[in-house]
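Kindly generate the complete structure, drawing on both the sequences and the hints.
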Amino acid sequence: MRTALAGIIDYAGLFPPASCTMTRATSSYDSYRGSPDRWMLGRFIVAASRLDELGQAVDQAGFGTPVDPWPLSVVMGVNMPAELALITAFEEAWGAQGFVVDALEYKVGSAGHALATEAELPPHLTRFLEVPLHGPYEPVVKAIQRVGAYAKIRTGGTTPDLIPSSTDLLAFLQATIEHEVPFKATAGLHHPFRGQYPLTYDDDAEQATMFGFVNLLVAAAELMATGDADKALQILEEEDAGAFVRSGDTLAWRGNAYDAATLATTRDRSFLSFGSCSFREPVDELQLDRTR
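Here the numbering used here is used: position 249 in the sequence shown is 1331, and no number is missing along the way.
Be a bit skeptical, because a hint or two may be false.
[Said to hold, decoys possible] For lysine to any residue, the following SDA-like pairs were computed, each having C-alpha atoms within a straight-line distance of at most 25 Å:
1. Lys1313 <-> Phe1275
2. Lys1189 <-> Ser1247
3. Lys1189 <-> Arg1132
4. Lys1189 <-> Val1149
5. Lys1313 <-> Thr1332
6. Lys1189 <-> Ala1178
7. Lys1224 <-> Asp1350
8. Lys1189 <-> Pro1264
9. Lys1313 <-> Thr1347
10. Lys1224 <-> Met1306
11. Lys1189 <-> Glu1173
12. Lys1189 <-> Asp1150
13. Lys1189 <-> Asn1161
14. Lys1189 <-> Leu1281
15. Lys1313 <-> Gln1256
16. Lys1313 <-> Gly1337
These are calculated hints, taken from the structure and not from any lab test.
And the structure:
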């Protein structure tokens, strides 16, 4: 399964619903980097406004080495010039110690907003532009493609209204694949398969139907391979985990097989990663055979 899932989980422990302290989040990420499941681990996600706090935490803990750097994705807020200055200062202080900002995440509200980022965000960094929760997506995806950025979609949150419909998610997939714009997803994907789950870690948490990251991967693979939107929608809405079967580097859904080459193409050109406030939860639920 390494072909399909390598580096797929960006660790967002600082964000809800986990909302870890900086000390706990950095300690957890460092621990995951030393675990047998490290191959599924992607970037450490941090808000630009907390970069100073990140520097203090890693300094106190003694984390970091130039030989094995931490890849960081920085979530931008509304004060872009000030936050870009924070990134520059952080890189000057910690870049040589192995803390590398190689991606930015920024929310855009329209195609025009996406186009404006060309003059605002550093082009040498991977830029993920978060699209609106609901479609139509094609105008903003075309704008993202024009500025050479990647797309980002929110697939959940701590309330049901933050979960897009299956048809909206399908439309996003179709637009990004048609215009050759790779994407990442964020929130609501810390379970492998679609189903009813608590929205937070509170004892009395509200439940809702959440997407599964395996569903999303296989749906993207189906669209990449055949363009069959009806089948991709069925995959997104599949709630029977037993309908997905893995064998070596092949994934199958109800008799439809997606081989290593198809999955590799999907990961390279479409579904790059997803942000999750938990790393262990998606890994453990998938119950991977670590010998593979």
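Index of numbered hints that the structure contradicts, given in increasing order: 4, 6 and 12
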